[in-house]
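Residue numbers (my numbering), protein chains in the order written: chain A, 1 to 354; chain B, 1001 to 1354.
Some hints could be false.
Quick look at which bits of chain B chain A covers, simulated, 3 or more residues with Cβ under 8 Å [to be verified]:
| # | segment |
| --- | --- |
| 1 | 1051 to 1057 |
| 2 | 1080 to 1090 |
| 3 | 1179 to 1190 |
| 4 | 1246 to 1260 |
| 5 | 1335 to 1341 |
Derived by calculation from the structure, the hints in this document are not laboratory data.
Backbone N, C-alpha and C define an ideal beta-carbon position, used for all residues, glycine too.
Protein chains: 2
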Amino acid sequence: MKFTKMAIVALAVMLTFAVTAQAAEKKVRWKLAMTWGPTAVPFSDAVENMAKMVEEMSGGNFVIRIDASNKHKSPFGVLDMVKLGQYDMGHSASYYWKGKDINLLPFTTMPFGMTAPEQYAWFYHGGGMELMQKAYAKHNVMSFPGGNTGNQMGGWFRKEINSLDDLKGLKMRIPGFAGEVLAKLGLTVTNIPSGELYTSLERGTIDALEWVGPGMDIRMGFHKIAPYYYTGWHEPATELQFLVNTKKFNKLSPANQAILKNAMKLASYGMYTQNYHMSAEAWAKIATDYPNIKIKTFPKSVMDAMKAANAELLKEKAIGNPLLAETLKSQADYQKKAREWTKMSDYLYLEDNL
Amino acid sequence: MKFTKMAIVALAVMLTFAVTAQAAEKKVRWKLAMTWGPTAVPFSDAVENMAKMVEEMSGGNFVIRIDASNKHKSPFGVLDMVKLGQYDMGHSASYYWKGKDINLLPFTTMPFGMTAPEQYAWFYHGGGMELMQKAYAKHNVMSFPGGNTGNQMGGWFRKEINSLDDLKGLKMRIPGFAGEVLAKLGLTVTNIPSGELYTSLERGTIDALEWVGPGMDIRMGFHKIAPYYYTGWHEPATELQFLVNTKKFNKLSPANQAILKNAMKLASYGMYTQNYHMSAEAWAKIATDYPNIKIKTFPKSVMDAMKAANAELLKEKAIGNPLLAETLKSQADYQKKAREWTKMSDYLYLEDNL
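Make a model of the complete structure from these sequences and hints.
Written out as structure tokens, the structure is:
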């Protein structure tokens, strides 16, 4: 009888441990580093929404702590920190890594490239995801769409641009690849910390600047000091990226892998919708409060010069980079096909309904 | 000692039951009825993707069986079956219920209404979801976006339409509210089972028909017998709906509620992207194989008459239906604001990049 009793005690203890162990094993705690500050709405919202969905869908068993740039102090170190496993995942934009690895440039947006619906179709049905994983594989990182801004505006200008000559010598804050394109057209391209942008524009240190679109620009106040708001050409569908350390991802349970992947995907689409709303609201407010602001499109001569400079730069960069060349060709081919559909659907519809 | 032993046995048994019960309680089996057949891609894909996501994210503990219309034999009984709890959820389109409850009409799409990004912004940030729940509450059903087709084409015509007179007496298959609008313009509007459409058009039983867009039209073969493909006006962003029995939803665990809601939301966006891709691919194929097909836009006189008939019909329907009136006003106000942003972003961008 003593043996039986012992066995029962042992069974009870084992069962108790099993239940506890199962719960403990399930609880996953991850850390995410984002390039942005904690209130960079809607970028930060995309990350918070993703983490909230993961926590809710896992019944609280998968929790992601978000560190903004003011915490980790390394906004442009996100790729490296995820690669090295200092963070399990990150949130940033692929085109920031063009200096580190030019193959990562095309996964955010390209000048004169695809619109958001076209680009989502390319990512999920046109080979984009496969090319993105191929490009990130050597960094031991997986990459996923992380939120689209929609079409970005070409920027705030203090003077009207009527010709290529009006652009020459103009001092403009415009970062990244678009800045390289404009430099070819004779602009003096500078980067200035965001906190100093308003004053720089007001004092004439710069003549123009590019930010995002009305939804994010309105808080910066540029509409108070620059009357020309040019339409976009350089970032038709800026897609941010979630970066995930491959080894860490592979250690997740299948359910948590599915939860994380779907939460990232939904956060991406959700930010596109959110920024569409924010832009519509913000532009309505700006147009009401500052009725003198003019929406302008660059003249054809300027557009043509930008297109030529863009094509030339891409050709140079693709030399010796077969993966970049493959990605650019995939994008161009897909865009050509998808644009025909965009034209006969939304474009021709809008033409009669503006 | 006897008492202690008994207590330990009881504890062991209770723990064993607790573990088993927890697993059993977790397993949720639902049934979904969809209006479509089992291979109505991409509609059926949206449902299958949703169910797959739910199963994977729940670790196999929440399983949804899908019954297509060939199984339940009641494509337009989906709302009632979900309402009565015969099915836990359904997949259909809200505008099918306009005869049953006119308040449910506007949640799919409206003639001359919002494009897909505008409509998603309205649903999730402009009050659309709240209005939709309000309209469905009296049916004890919750409603969620369930997949967007994007802009639908105006239809296949055997003859070119150059004036309002060309439309008068024309026999056209176009169902729903758009059919009511065209009937006001003097068309003879009919509905014909999908299996008989090709033959009806070929034999001249009808002169024109509306289906969806190239992605779904290509399998029907209409491009072989009707050379004019008119652009859309009547369904600029057709959003299907998931319907969920409210009592059944409330019985789900918080984690399963989150899993279901996010899976439905993602399936909706995913179908929009999938159909964008399918349309681009299908149109490229049609244009290559049938180079004589002409993309046409209805002349301004016809568009203006359609707009007037649409406005008149909506005005009539809103009389005595305050919730319909509220929803239509919410949509019109939101569209006006969002369209300004659409114009200065994607539209003006596309104008220079077609």
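A quick look at each hint next to the structure:
Residues of the segment 1051 to 1057 of chain B lying with their CB closer than 8 Å to a CB of chain A number 3, which satisfies the three-residue condition for coverage. With 0 residues carrying a beta carbon less than 8 Å from a beta carbon of chain A, the segment 1080 to 1090 of chain B misses the three-residue requirement, and the given coverage is violated. Interface restraint, the segment 1179 to 1190 of chain B with chain A: violated (0 residues with C-beta to C-beta distance below 8 Å; minimum three). Residues of the segment 1246 to 1260 of chain B with a Cβ under 8 Å from some Cβ of chain A number 5, which satisfies the need for three, so the listed coverage holds.
Against chain A, the segment 1335 to 1341 of chain B contributes 5 residues with a C-beta closer than 8 Å to a partner C-beta. That satisfies the three-residue criterion, and the hint holds.
In summary, the numbered hints that this structure violates are 2, 3.
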